[in-house]
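Peer 1: Chain residues, written in single-letter form:
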Amino acid sequence: MRLRVLVTVFALVLAACAPSGPAASSAPTAAPSAAASAAAATPAPEPAVTVTFWHGQSGVLGDRLKTLVDKFNASHKVQVNASFQGSYTGSELQTKLLSAVQAGNPPDMAQLTGASDVAQFYKAKAIVPIQQLVDGPNGLTKDQLADFVPSFLDDNSLPINGKSTLVSWPLSKSESVMYYNPDILKAAGVSVPKTWDEFRAALKTVKEKTSFTPMAWTPSIFDMFLPQLYAAGGSPLSADLTKATFNSPEGVAALQYEADLVNVDKTVTVTKGFDWQDPFAQGKVAFAISTNVSIPYIQQAMPKGKTFQLGMAPLPAGAKGSKTSLYGNNVVIFAKAAPDHQLGAWIFLKWLTDTDQTVAWSLASGYMPLRTSAKNSTEFKAAAEKDPRLLIPLDAATGAVGSPKSPDFPKIQGPLGDAITAAILGKSTPKAALDDAAKKANDILSGGY
Amino acid sequence: MRRRRREAIEGYLFLAPALLIIAAFHVWPAIYAFYMSLYRWEVAQEGFLGLRNYQHLLQDGDFLGSVGLTVVYVAGTVPVEMAVGLGVALLLHQRLRLRGVFRLLYFMPYVTSQVAVALVWGWIFNPTYGVANAILETVAGQPRTWLLQPDGVFSSDLPPSLALASIMFVTVWYYLGFHAVVFLSGLTSISDEVIDAARIDGAGGLRMFRDITFPLLSPTTYFLLLVATIGAMTSFNLVYVMSSGQGAGCGGGPLGTTRVAALFVFDRFWCQTELGYASAAAFAVGFVVVVITAINNRIFSRRVFYG
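Chains as they are written, first to last, in the numbering used here: chain S, 2 to 450; chain A, 77 to 383.
Not one of these hints is a red herring.
Ranges between beta-carbon positions, derived for each pair:
(1) A:Leu234 / S:Gln257: 21 to 31 Å
(2) A:Leu195 / S:Thr246: 32 to 42 Å
(3) A:Ser231 / S:Asp198: 37 to 47 Å
(4) S:Pro389 / A:Gln131: 52 to 62 Å
(5) S:Lys67 / A:Phe376: 52 to 62 Å
(6) S:Val61 / A:Ile371: 52 to 62 Å
(7) S:Gln257 / A:Met184: 45 to 55 Å
(8) S:Pro160 / A:Met184: 48 to 58 Å
(9) S:Asp64 / A:Ser261: 49 to 59 Å
(10) A:Glu122 / S:Thr373: 39 to 49 Å
Derived by calculation from the structure, the hints in this document are not laboratory data.
All values reported here derive from a predicted model rather than from experimental measurement.
Note that CB positions come from ideal geometry on N, CA and C, so glycine has one too.
Make the full structure from the sequences, and use the hints.
Peer 2: Below, the structure written as structure tokens:
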């Protein structure tokens, strides 16, 4: 089966009978018109269509999403046919979508990951900007829109004709948080760190005063590097998304910090994939950084009779406060879908992200509720009283930043990830590693050849 | 004449299902991949580039590096798995007790899912709780970071990295049984008369192997050399799974030191959504495979003795 990759490539192009592209009528449009906003008062009749929805929520989460879809179908003319098409985190869903777009036969709507992936599909004119539906007759009022967590809307917006425009719609959102083992912190006599300086000091104290591993960590650009960069006032790309700026002094300082944890303080054990999770759950490690949906996975990995109260806190703060990376997925509506299917898809999304449903989905899945009003709902309040950790990511979401909005960012992730690895393995200085990655990134951003 | 034509039509009809499958799943996709390779093609088709994707490949350090790593991977796995496979086959060809059980044991990895094998070996090489370090520490060695280590085994900046060398070790372990079984079938096809005649003439042990067994095995050796080289040149599953979860791109960590050519194509196609460029890379890799196969053919086919 060594030939599998070539066969995969060839099999994909077999399906590609014609280059994809949306109908001219469904080409992305610019920001909302005043007329469209005015029309919001008179909703269009709900079309009796069946809308296809490809999602990446597997197992129990898939079943819980299906429950919500069934509830929608029971009370609406629009019917949603939701199907699991592979995990969105493992990129199976995205590869299927890519194949479907090549074949000119995408679903009506689908989950995609962050803004940079959405930007790729938008650049290819494969999706319609959701802004036109938000501003349409069945859209949302200003007040309704203002109820959404601003960073979630920002994560779904791209700059179009100089204006921030909603291109996708949030659904399952999570973010980086800090996990800790309170028993180890108590044994070391340290409190939960609130700044990155305190965090470094806490790791050193755990190392000096206990026999536990201070932190297990799989290097990634999203869990520490970008949050620290943002918290120091930096940014990975220039505002117009044409230049790499992650090698700024703030970026170099962020990477130096990570390299020092590994090479100078020797307080961090570098792992691969989710290999940090088991030692942490077994009570051998004081700190870990992961998304807020990791709680059940960590708790399940705790040995029976040796469990501990899993601590969670926002990521430590820098000069500009606490910043974190947004994960999860957003939903896009495809340009190939007929207008009544696009409307049907939007009616479903609007319903699914209404306060009642976003609370239900959040409590069922562990993702954050998308609306600020969720905090006042009876169900969420009751759940947060039982487990106050539910409020931590939601409160920290004001400082959450999604992936950079350039369609080229997925190509830049490789060189940037290599720069982080090179620095923490001591193969290069942080500055040299980031400068090298920035050079490659700028070549990519300039369009190459 | 009519009968011959009828026979020909019947023959083509019998061939049709296989031809259709080959045409649909090999020929047409290959043609379309070549078409894609002539364009800037990301999520959708963009501008016509002619051969500029190919031109860029020749200047792309990452691509050339991945081809270099592939050559190292092939050179470090194919001769070893063939030599050890031959040794195992010679042992299993003896009249041993439980010979069938040994054959089964050696062949078992080959019929196991590569993904499952790669995951298990990933745990074995885990630096914190893996068996590899536990064994190393008991024999007084320093623990290693195995799949996380970009430094070279022989020199810090030269391939293979410890990560790639670990994967090469697993590759040899995986394909060993296949080579052993094929060599074994070659050994059983050598006529007893030839062996007996050589023995009467006084040939023993090493002499018998050098002058009789090995030359008569040459068709099998040649077949395995071609198949294993082509397979290793396009190797993907083991390398991909054992390299995953290291944060940079979606294939080939640490620092790209396990990014062999097939991973380069996969990474560019699926993770970086450079469909046109990845198609060009796939064609270029295919060309390299053809060239190496032709070289193999030229060097070794004349030395094959068909009896």
